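Fit the two chains together into the complex; they arrive one by one in their own frames, and the hints show the way.
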Amino acid sequence: MNHLCVRILQSGVMLPLKEKDKPIVQKLLSAGCCARCVLRFCCVSVQAAYRQPQQDTLKELQDFISSAENSKSPDSAGAESTDRNNKSHDAAVSEPPEDPPSKRAKLELSATGAPSEEDAAAVVKQKDEESCVCVVCLGVLQELCGPTQAVKIAEAVKAEKYEFDTLVLSVSLPAQLCVREHSCWLHVKKELREKSVALDKDDVIQVKEAFKWIMQGLVARALGGVAVVTRSLFEVGVEFTHPETDADCHFLATTCPDCFKPTKNKQSVFTRMAVVKALEKISDAKFLKHYPCPPAQPSSSCMPRDIQCLHGSVFVAGRYNKFCRSLPQTPWVIDGERRMESSVEELIAAPLLSSFRANSFNFSSSGREDVDVRTLGNGRPFAMELLNPHRSRLSKVEMKQLQETINKSSDKIRVRDLQIVTRDAMSRMKEGEEEKTKSYTALIWTQKPIQRDDITFIDDIKDLTLDQKTPLRVLHRRALAVRQRVIHSMNTRFLDSHHFYLGLKTQAGTYIKEFVHGDFGRTVPNLCKLLKTDTDILELDVESVDVDWPPSIPE
Amino acid sequence: MDCVEQTDTEAKAPSVVDRYYTRWYRADMKGKPCEDHCVLQHSNRICVVTLADTHPILQNGRTIKSINYQISNGCSRLNNKVSGKSKRGGQFLTDFAPLCRITCTDETEYTIYSCIRGRLLEVNENILETPSLLLEKPSTEGYIAVILPKFEESKSITENLLSREEFESVVSKRTVAQSQPS
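Top line first, the protein sequences correspond to chains A and B. If you're matching positions, the first sequence starts at 1 in the numbering used here and goes up one per residue. If you're matching positions, the second sequence starts at 1 in the numbering used here and goes up one per residue.
For the record, the hints were derived by calculation from the structure and aren't laboratory data. Remember, it's a predicted structure, so these values are computed and weren't measured experimentally. We put the CB at the ideal spot given by N, CA and C, even for glycine. There could be a bad hint or two in this list.
BS3-like cross-link-like pairs, simulated, lysine-lysine; straight-line CA separation at most 27 Å [said to hold, decoys possible]: (1) 469(A) <-> 81(B); (2) 87(B) <-> 513(A); (3) 87(B) <-> 469(A); (4) 150(B) <-> 529(A); (5) 264(A) <-> 85(B); (6) 430(A) <-> 87(B); (7) 201(A) <-> 281(A).
Some, not all, of what chain A presents toward chain B, calculated at C-beta under 7 Å [unchecked claim]: (8) 472; (9) 475; (10) 476; (11) 479; (12) 520; (13) 521.
The shape of chain B in the complex, shown without the other chains (with noise of 0.2 Å):
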């Protein structure tokens, strides 16, 4: 399943996501329903964190009014920046490093975090100049944000988070728990 290219009907090779990476997720981020955070881990390390399909800012029709990086007065992640092959400069993030807030048009308003532990390489400023791309395609290029996890963690950082099978079955029980009641 790939969350951004299903229209269409004919059989097709797997996706770019599908082939290189490995999806790994975070439910209910810091205790707040269905604020699901997705993680791309490439076969090289690289991660790159995303929104899960099931996040709140991608239901019923939400439009962004605004993404900000700048997470406290002090510190902005648009003003990351890393140089050479040792990526050195790079903000260090933790499991609950705020990455961004993002607003939408109806004042709600969600934080996005780094859910691994490494570093910042990059941002993606293109959601800033193009809000809707994020809500198109959120799992490749409306991504939030790069992490390098530091190389003798790269297999542990994601021992704290769901597998794409359990996060499935998180958000199957969570759909018979919401149709229960009602």
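Same shape as in the complex, but just chain A (with noise of 0.2 Å):
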């Protein structure tokens, strides 16, 4: 079907418009609509009606008007006509004969010939100035649709230097097209109404759908062939602005207050999105007394902002080892001051940001360490969410440098299993953190004396379950309970009168230094009770975090 068109257009033979377009056409031509706006208007959903150059097809929808209705009778006949789907309808295939409506086609064309001052002015402004504006797109689908626009897009986006095979094309307008095009909507139903033609104005083709009609083909195009599809990772956005007509919103505030109230991450309360709201709610009456009908002539064309490229986040995962006892997980800020110069996070992210050109990151990890604590065994689970990456796709191969370029960089951290990962495959990370056992070592320091003997017991301690109220450390963040926690084993392994190394599976989230110090009595039984000394843990390393994500990557 879309081919058949294609080719009656290219021949130049006729629109796909039907004679009971014809007064529409007449009364939007007049009103100071472009030639693709009463395209969309007569709900033309032909894409190649749109590509052709407008000039053409203001050509040839001021012949339609003034073509006589003449050539309509011998079409009118046939079966054909009702088979075929109405909307792709070619102008060959016409009307049934209905009386009312080619009268008023008649009327129309004589006001045109024997002018009625208001309609021949507009008809005569439209000829004269072919350039002008159009009144509901504001140029959008005039000069700012083609292919200079899509070169200027393509030219913007090569700039980026993205890598993509397929790409999204978002488009944003003024606000105050939606209040143009229901005037506009509302000039032409009075007309409809009159010529009983069932249209809705849902039926009516979107600036934004025929914006992307014309110009998808034309930046694929431009960019030597990229796919330009409705999903894609990479979206390009171009976003036009009209100031000159921001007020045209303004009287709806206070016919539908309630649609805008101010919220504080928006610039303006006119969004698009309260402005439709607003236009579905307003009676036909109310909107006429407060907005002219067609919508005035304006001066100047939208503006086209900076075209914004984006391309969905791409997510990091491995694991971390921390050899350092004064590096935070993340950075350390207090009072606005930053603690300690670097972070687990930042060592990871510094070399994966470039290798991804990426614009930012966001870290999480299975659970975190405090920044005294080393983690070693085969390390911590992590992801990195990098947004905006210039780049998305690394091979095996480049994951592995990229790996060794992190571990050169610096020898505090070091991290393993480097992949890329899917958004999903990180939820398996953080299920595992509660339920899984994490083993440290801990070296303690006991007030009293010991000897070997005086700890071999602690080896014989099996799922000892600890009532861990929210320790005074994290109080300020966590809400306070008494939290049940197991530690599932120890080891210990003496080293002098008053050291010794501490070994223990735990469940997750048992705080360790609460449990040696005891936390002034708040974590029961605690290491200071089981050896009835006072105890402290002068260093913490955590040996293994059992999360089996994300996979291994033999070596």
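As structure tokens, then:
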């Protein structure tokens, strides 16, 4: 069907318009609508009709309305007109004979012939200034929509040096376009009602839609043949503003105040959503009282804003070791002042950001260790969301190299199993957090002198349940509660009369430091109670975080 | 100087209190001689109220008869409940809000006060069962209460209190004053 129409159009035969469209075309052109907006209001869904140069379309429309309706009668015969689908009709198939419409059309036509002032003036104006800005789309479907703009968009995309196969074009239009669209709809609705044509506002092709039909192919070509599709991780945003007519929306705030409630994140209450909602609520009479119909002629076109490119996030996961007792996991800021100069996340993120050429990152991990705690063994699972990556695919070899780069950049940390994962896979890490076990080694100090035999009983303790009140250390940010946590097993290694190493295998979420010093007696039992002397923890290492994600990558 | 653990002669690392808390004092609470209180403020602004080791309860081998958190007919600190991260529902205390009354076996009674403005998070119920904790470990397991100052007051609440140095100088003057007349 589309191919057929394209051929008809290319051969310059005719636009897919029917006789009943004639008065609408007439009225819209007189009102100062551009040719493509006329097609939209005639609900023409043949994309090719929009793609031809707008001057050609305008010429065809003018020919169409000035053509005598005598061409109509022979076409009206035929069962095929009822068989064919209404919207993609071409002009060859026309009206079933209906009296009132044709009469009306005659009247309109005669009106242009013998000027009834207003209409005539509008038509003349339209003819004289073919370049004048459309009252509905404010130029978006005119000069702002064509090969020149497509090249500009392509250049802007190329300049950012993204790697991508497909892109989705998004369009942001000033909210007042909805008001103008509504006004124009009311303008032709009056006409259509008289002609008893069942046409709904939803059938009008949206400016955005028409813009994409025209531009997608042009942009794709200008970028050397990438696919411009409806869903892609890579989004190219085109935004238009039109300060001259921003005030168009303002009357809606008085007629429909509840649609325009200020929120802290919005620059203006007149968002597209709010305007659409207000237009749904307002009565036609009220609208017409406050706003001209058709809309007033603007003096300038919309202004295109800078092209915004955005690539969907890439997620990278792995495990990290931390070998340093003065390195926080995330930047440590107290009263706006930075403590410690680096952090685990920053050391990992820097090479990732530069390889993926991403703007920023979000770091998450399976739990966290204190600044003075090392993480040894296989390390702690982590995932990094890289926002707006300009490069999104690295091979396994490249990921291996990236891992090496991270590992060479600092001896404070080390990563393994570095890999690209999906957003969904990241939830696996958080799921494992509470159930899984963790192993630690702690260096313990005892107040009373100890002998080797004094501590061996600890090795026999299995599944010791602790009642831990929220440690005072974290009470400012966690709710006060008593939490039961299990220490599955412990082992000891005697060092000297005041020191020994304590190995622990615990349920995740057990606070080890508090188990050792007792936290003012708020964790019971604690090591002080078990050994019947004050004990303190001098060093702590995480030996393993038993979460089986991300999958290990063989060296 | 850690008032609890001074028996060990070997050199040792700073205690938990030394490492994470700042000690603040109020001497002669409400004008009563030597009724010194100590407030341990954690770097996260949480405060633990304890007896200073110069408090009369800890002198002369006194023993405790009873500890009462019922500070008036209508108010018991034991009924204090907080919920959620924001610690809703906790009793709000001012500097001179009483926390508990401690009666020694020699029938002397002492009132322990909040010393700082803030929300009461918990009182130490362990000392009800084991009053000796208060005598043996006054600055750790024998604590009285945990108070969370308002965020914006977390610096200013200690302005009326004595620093450790200031308190030590008060105590040494006191010792001199006591020894001179005798």
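(request) Enumerate the violated hints, using their earlier numbering and listing them in ascending order. (result) 4
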